[in-house]
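Heads up: the sequence lines are chains A and B, in that order. As numbered in the working numbering, residues 6 to 332 make up the first sequence, in order. As numbered in the working numbering, residues 26 to 569 make up the second sequence, in order.
Some hints could be false.
[To be verified] Derived DMTMM-like pairs: lysine to aspartate or glutamate, alpha-carbon spacing no greater than 20 Å straight-line:
no., chain 1, residue 1, chain 2, residue 2
1, B, Lys-79, A, Glu-273
2, A, Lys-104, B, Asp-63
3, B, Lys-363, A, Glu-36
4, B, Lys-121, B, Glu-563
[Said to hold, decoys possible] Under 7 Å between C-beta atoms, here's a sample of chain A residues computed to sit facing chain B:
no., residue
5, Asp-45
6, Ile-65
7, Gly-70
8, Gly-76
[What the hints assert, rightly or not] Across the chosen pairs, the derived CB separations fall in these ranges:
no., chain 1, residue 1, chain 2, residue 2, range
9, B, Val-320, A, Gln-305, 56 to 62 Å
10, A, Gly-239, B, Ala-62, 56 to 62 Å
11, A, Glu-329, B, Lys-34, 41 to 47 Å
12, A, Gln-305, B, Ile-349, 29 to 35 Å
13, A, Pro-158, B, Ile-323, 30 to 36 Å
14, A, Ser-187, B, Ile-277, 30 to 36 Å
15, A, Glu-142, B, Gln-83, 38 to 44 Å
16, A, Gly-239, B, Gln-83, 42 to 48 Å
17, A, Glu-142, B, Val-330, 34 to 40 Å
18, A, Glu-159, B, Gly-66, 38 to 44 Å
19, A, Asp-264, B, Val-481, 35 to 41 Å
20, B, Gly-66, A, Ser-196, 39 to 45 Å
Keep in mind that the hints were calculated from the coordinates and are not lab data. Using N, Cα and C, we set each Cβ at its ideal position, and we do this for glycine too.
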Amino acid sequence: MKLFKKIILVSTAAVLVSGALAGCSSSGNKEVVFYTNADDEAVVAMQNALDSNGYSGQYIIQTFGTSELGGKLLAEGKNIEADLITMSSYYIDSAQEEKDMFLDLTFDHKTLNEYPSYYTPITCQEGAIIVNTEALEAEGLAVPKSIKDLSNPEYLEKISIPDITGSSTGWLLVQDVLSEYSEDEAKTIMSGILKNAGPHLESSGSGPIKKVRSGEVPIAFGLRHQAVRDKKDGLPIEYIDPTEGNFSLTESVAVINHDNETNPLAMEMAECIIKNGREELLETYPTPIYEGETADPENQSANPKVFSQPLTVDLLTEHTEFVEECR
Amino acid sequence: MNKKNFEIKTIFVFVTVLFTLFLIVPMCFVLIKSVMADSGGLGFEHYIDVFTSKGFLQAVGRSFLVSSVSAVITVVLAFIIAYAVNNTNLPNPLKKIISITTVFPMLLPTITYGFAIIYSLGKKGLITEFLGLNVEIYGFRGLVLGYVIYTLPIAFMLINNTFKYIDKKFIIVSRVMGDSPLQTFFITCIRPIIGTLGAAFVQSFFLSFTDFGIPAAIGGEYTVVASTLYNEMLGSAPNFGNGAVVALVMLIPSILSIILLNRLEKYNFRYNTSSNIGIEKNKVRDFIVGILSVVILICVLSVFVVIFIIPFVESWPYKKIFSIEHIIEFFKDTSLFKIYLNSLLVSLLTALCGTLIAYGAALVTSRSTLSRKSKQVVESIALIINTIPGMVLGIAFMLVFSGTSLRNTFFLIVVCNIVHFFSTPYLMMKNSLSKMCASWETTAMLMGDNWFKTIVRVVTPNAKFTIMEVFSYYFINAMVTISAVIFIVGARTMVITTKIKELQHYAKFDDIFTLSLLILATNLIVKGIFAFISKSQEKRKEKR
């Protein structure tokens, strides 16, 4: 009986202690909740910027897949738990249009291109064809020059591409196809590419380049800067700017308007990320966005392009449906 | 009379209000959401939308297929193991090891199973490299393997429990009557447990059909209903109306399962006595069944070996060198450790409050003079909960409480867990309480104790083993669950399993497996503590 009482006592005590510990760590509930869909390197860069500027311990960072965070934004609007987000810009645009949920940024930032008042980019990422030169030679395959080439039957199960349903990098490829070809032609090309990718259709944007690195497939579509870095690191990787163009996507920082309960620290942190985080972000995502930033010539793609229609979630849905029809 | 029943009435009211607020209301919300048109009025557009969408019926079909295949395999394997434990002359220590290792996977979350399978049997997996295999594990095969590992412990526990109570003397009777060995096997071994085999199949099917963790990890392009449901609620283009419809569709096999389970109950035999006297000496049989069981368990356990290895390797699979860097990094990262504390807090609170509530509810039905109707209410609550998959409950909570101050709180997570797992603890408590002498309360009352004192001094000490079992049941389930909580946690209230889902995005498997190890260690400690207490209690009893 004594033992039994003890166990009740001990477990009650344990609840109180862990409650106190968990409680202390979130005491006051004043931390900024920071949702992001960024890749690991970008998250680390942003954390470094915040921590070294006195915000350590004042924010909770939570990472999501693009589609998950996008869904949350569109579903919850201003009710979202987050105070601060970084997210693919087209999602921020759509969320603002539907839910009117972001504050105008109040700090100075001089971008090279023009962006809406409620967000400013943290990274810019371009798509390109990536090949493993050794594997390509071993297989005796021709070097593809365009996205259209990727639909060529000789590449059956030799290419890896990101799937548009889970990855915005996948969207960059679809933009290539849809911007250059008539609908019928685009369908044939996309179907061919999907068939060639077969088991190497990846749900993550960096999945294909991993497969090229390991030599599992000789050809992939992925983010250009990753291939540039691999080549510099001495890997047998080469990048090809497709003749259809290098399309790009930006990810941006935005502050949620919680009306009276808006945490003023959120805006400060957004500023801190842009002012102090860009330097480290540029190491991984080398495309210049702000005045005074310059790009390594290798990181300047041959054929930068912008899709004819504005990028929105609706357009993404439309393009996803197009891909579904090609499966 | 009124005054006498005051306490138990209070408990009854509390339990009823609790489940009305946190079960009935949220479920009604799902129903309403599913028939609400986007324009505002009533309508079936979500139903039409869901049922005419290309992938949905396919996902339902796949769910049925993969769950049934897994359930058949599970039942066969569980039967072999239960047979080895109950109907052979294998040495007792071996039997004990077999029983314990069979239920081992229950101490880990299902999402970990999926990742363990990937790292064991994937292209660069441990077992793949070791045996030089090359199997495609994403999709159907991976799901079947995951579901079998997941449901084997439960199927085994069910079959084992029935086996225990079979009177093996009938084996002798059957042989004396001149039955062939095969006939004896069917008459004395299969026939008495046929109901349980059916129940094990239905249970396995139900669990597989509604599990979220395994498809989240390893489903790949093979979409099942659980993944469809997740995508409708938290995917790229969430549609809560459609999600509500999918949730209700998921409810149908659940309800059918429960009806089937109740039917199967009738096939169970009741023996007046049970003994192990009848088991014949048969070395060949023992050897074959023993080896089979051990092989099954080695296969299951080998999948989990990776979780003990990956966190201690520098960079799997490229640099296979021992390193404790990840572990050090892990504990340096205070945010991860905080999440462990969150999980601990949630599990302890769930276990403590859950046990109290299950105890209270069981007191109402088994040790009170309340009307049959009131008892019926509590019974129906338990029955309803049994039919509601965790994912559906989580979604219901998400729909009702988003935008309120309860959203993303520990309180809500704990309540959700208590409701989600209520059925089994309640039945365990009820069984235990109804076996006790019915006149204790009256006797105590005559001796001058009030109701509360009687419960504390007489009933509780007699129910303490069950209370401990209920506590650890709640604790372990709260520790490993993901299906409901994934929809209601927030950044400040993350628990380990939902963090694992987040880490999946970055393929940070060192952290995923380290967190899984923490869950495992914690559950083992809790199990160990309770085993130690019951042992020392038993010893004390013997001394007396």
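Verification of the hints:
1. This hinted pair does not check out: B:Lys-79 and A:Glu-273 have alpha carbons roughly 46 Å apart, beyond 20 Å.
2. At most 20 Å may separate the alpha-carbon atoms for a hinted pair to count; A:Lys-104 and B:Asp-63 meet this at roughly 16 Å.
3. Distance hint between B:Lys-363 and A:Glu-36 is fulfilled; the C-alpha atoms sit about 14 Å from each other, no more than 20 Å.
4. At most 20 Å may separate the alpha-carbon atoms for a hinted pair to count; B:Lys-121 and B:Glu-563 meet this at roughly 19 Å.
5. Hint on A:Asp-45 holds. Least Cβ distance to chain B is approximately 5 Å, under the 7 Å limit.
6. A hinted interface residue such as A:Ile-65 counts as satisfied when its beta carbon comes closer than 7 Å to some beta carbon of chain B; here the least separation is about 5 Å, so the hint holds.
7. For A:Gly-70, the interface hint holds, since its Cβ comes within 7 Å of a Cβ in chain B; the closest pair sits about 5 Å apart.
8. This hint holds: A:Gly-76 has a C-beta 4 Å from the nearest C-beta of chain B, less than the 7 Å allowed.
9. As the Cβ distance of B:Val-320 to A:Gln-305 is approximately 60 Å, the hint placing it in 56 to 62 Å holds.
10. Taking the beta carbon of each, A:Gly-239 and B:Ala-62 are about 60 Å apart, inside 56 to 62 Å as hinted.
11. Distance hint for A:Glu-329 and B:Lys-34: a CB-CB separation of about 58 Å, inconsistent with the stated range 41 to 47 Å.
12. A:Gln-305 and B:Ile-349 have their C-beta atoms about 43 Å apart, which leaves the hinted 29 to 35 Å range violated.
13. Checked against the hint of 30 to 36 Å, the pair A:Pro-158 and B:Ile-323 fails, with Cβ atoms roughly 45 Å apart.
14. The hinted window of 30 to 36 Å between A:Ser-187 and B:Ile-277 is violated, with their beta carbons roughly 45 Å apart.
15. Checking the proposed 38 to 44 Å range against A:Glu-142 and B:Gln-83 shows it holds: the Cβ atoms sit about 41 Å from each other.
16. Between A:Gly-239 and B:Gln-83 the beta carbon distance is about 46 Å. The supplied range of 42 to 48 Å therefore holds.
17. The hinted range of 34 to 40 Å is satisfied by A:Glu-142 and B:Val-330, whose Cβ atoms lie roughly 38 Å apart.
18. Checked against the hint of 38 to 44 Å, the C-beta distance between A:Glu-159 and B:Gly-66 comes to roughly 56 Å, which is inconsistent with it.
19. Checked against the hint of 35 to 41 Å, the C-beta distance between A:Asp-264 and B:Val-481 comes to roughly 50 Å, which is inconsistent with it.
20. The hinted window of 39 to 45 Å between B:Gly-66 and A:Ser-196 holds, with their beta carbons roughly 41 Å apart.
Violated hints, listed in ascending order, are 1, 11, 12, 13, 14, 18 and 19; each of the other numbered hints is respected by the structure.
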